[in-house]
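If you read the protein sequences in the order shown, they are chains H and L.
Per our numbering, residue 1 is the first one in the first sequence, and the count goes up by one each step.
Per our numbering, residue 1 is the first one in the second sequence, and the count goes up by one each step.
There may be inaccurate statements among the hints.
[What the hints assert, rightly or not] In silico contact screen, one side only, chain H against chain L (beta carbon under 8 Å); selected entries:
1) 202
2) 211
3) 213
4) 222
5) 315
6) 320
7) 418
8) 421
[What the hints assert, rightly or not] Beyond 10 Å from chain H on every Cβ pair, some chain L residues (computed):
9) 39
10) 65
11) 79
12) 82
13) 105
Note that these hints are calculated values from the structure, not bench results.
Since the model is a prediction, treat every value here as computed from it, not as a measurement.
Glycine included, every Cβ here is placed at the ideal spot set by N, Cα and C.
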Amino acid sequence: MIRALRQSMAWIHGWLGLVAGWLLFAMFATGTTSYFRPEITRWMQPEIAANRTAPADAAATAVRHLQRVGADDVQWFIALPDDRTAVTRVFEQQKPPADGAPRRRRAEELVLDPATGAPVAARDTRGGEHFYRFHFQLQLPFPWGRWLAGVCAMFMLGAIISGVVTHKRIFADFFTLRWNKGQRSWLDAHNVSAVLALPYHAVITYTGLITLVVMYMPWPIAANYPQPARFAQEAYGLAPDVEAIGRPAPLVAVAPLVRDAERRLGGAAGRIVVSHPNDAAATVTVTRGNAASVGARGVSATYSGTTGRLLSVTPPPGPAITTANVLLGLHLAQFAGPGLRWMLFLLGLSGVAMVGTGLLLWTAARRRPGAAPFFGLRLVERLNIATIAGLPLGMAAFLLANRLLPVDMAGRADAEVAAMFWTWGAAALLQCVRTARLAWRDLFALGALAFAAIPIVDALTTPRLAAGDPLFVAFDLAMAVMALALAFASRRAARIPAAPVRRSARKVAHA
Amino acid sequence: MLMGRAGSGAARRWRIRPAAWAMTARCLTAFLGNYAFAATAASLTARLLPIARVEATAWAMILSFLLYAIVGLWCFAEARLARVAGVVWGGALLMGAAVWWIGVRP
């Protein structure tokens, strides 16, 4: 009974991992990178200095700017800077035109200098946001990318559970890694990377599904709420929307409100929403930043926009909503300080290694000595090369494009993204003209060269590295380490002897 | 596993065997039927849990993924396809009917 269960679980583990493996590898790689989303953005906009303005003062300068450009807006959404984010980001929700003319296009996001409130002049880039978005949208149109990522995450969850059931010696495999033994070594490496960080893999997979739970599993809401929007209001403790009165009234100074909210909520303010500014019904909602606690979706305080009186504070949520907030927070990890952040980054890399070794294991287990590989094996092998060796090259191209494209080029942000996918796509196609062994070696070597070029190009094109800015030193060092790791991989790949081809593997397997 | 290899000629080589139909049905049950099963089970739980509706809804949503993963794997662990299909599709139908019959929480 147990034996049959193990066998069926081993079978499904293999298929789940194979079908979703390549996308999971990319999701793990870009997701792990996204632990440093604000830092990557800052590296990619070297014109912007680190922020030294307190949230309350940044709120005041942003409001001053908005009063000039959008005094009659419906709503201002202001994301405040902190010690990781260098700029204030603002979204305006503008009034629909009164004469029934078509609605103006949604205003672009404004990026402001926290100290002065003036729009910042910096190169146009998607920054760390690109890897973050790709991680769960896979560069596909809404909602398909998110659904595909959800299916992959669910396959991952199934693979984790079935992998644990398959596994007989979960404790012993902690300590077992036999190098240079072909398939045995890949199995050991897969087990070590999977077992060592098993709690992390399980948590990151489940919490990943939770981040989009309202999209993936909306049916319980439909069973309990005649108006589904009410659920979000109750879950996040939002004050109900108020209508504008139409009578003008000056907006109070927001900085004292932000300071008051920080005292009440016990943490630095993360964002502000000003509804109906300069109207008698104006409100100012201050929400605590996510660095203050594990649970994401911080509590908030709402004030009258004309008198500054406190109207409401979000009530403490119940156990289920608290659980959901903590699960979400564990995935986003915005609570983590630098030490824990690096730890999580390394655990994320163990996930990359687990998926990668699992994919390699699939081919290693099916290759027969002295036999030509059958079609499926060749296909999987080429996709492995394109993903495992090709993706790092594409990611390096994205970062290099940020430094090498002209600073004031039109459509620059999109060109950087295009650089990543054209490089990755070209690498994936061109490797097919090489034997698998040489393709592994060459793509890894190209990746190593590209990553090694990043610190050099950075030093030549921007002054921040030479000035000893810690963020730039750490970033460029990480790129150098990545280059070394890929160079090592390239050397290892070159050493695997090419098997002499005699007869079809299928014939051997079925002999 | 899916494609038949019983024949000798190229024409017969790719004929799909009954076992392949069974495996297709099993995969569809584990993937789609299971989603209906998890969605209706979560909806019924959310509707019937005697706690605040926002809490009941959140618990049901959070736990639905665990249910989906376990039932999905069971679809492959259980050898009898009829039993798999009966439990998953039948369960989804019954629970869906129950949710519809009880109606939205007042």
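Verification of the supplied hints:
Because the closest C-beta pair between residue 202 of chain H and chain L is about 11 Å apart, greater than 8 Å, the hint is violated. For residue 211 of chain H, the interface hint is violated, the least distance from its beta-carbon to any beta-carbon of chain L being 11 Å, above 8 Å. The interface hint given for residue 213 of chain H holds, since its Cβ lies 5 Å from the closest Cβ of chain L, which is under the 8 Å cut-off. Hint status for residue 222 of chain H: holds, given a least beta-carbon distance of 7 Å to chain L, under 8 Å.
Because the beta carbon of residue 315 of chain H sits about 11 Å from the nearest beta carbon in chain L, more than 8 Å, this interface hint is broken. A cut of 8 Å between beta carbons decides the hint on residue 320 of chain H: the least distance to chain L is about 4 Å, and the hint holds. Residue-level restraint check for residue 418 of chain H is violated (minimum Cβ-Cβ distance to chain L is 34 Å; threshold 8 Å). Violation of the interface hint for residue 421 of chain H is found here, the shortest Cβ-Cβ separation to chain L being roughly 29 Å, above the 8 Å cut-off.
With a minimum CB-CB distance of about 4 Å to chain H, residue 39 of chain L fails to clear the 10 Å threshold, and the non-interface call is violated. At the 10 Å boundary, the C-beta of residue 65 of chain L falls inside the reach of chain H, the nearest C-beta of that chain being 5 Å off. With a minimum CB-CB distance of about 8 Å to chain H, residue 79 of chain L fails to clear the 10 Å threshold, and the non-interface call is violated. The beta carbon of residue 82 of chain L is kept farther than 10 Å from every beta carbon of chain H, the shortest such distance being approximately 17 Å.
Not every beta carbon of chain H lies more than 10 Å from that of residue 105 of chain L, the smallest distance being close to 5 Å; the non-interface claim is violated.
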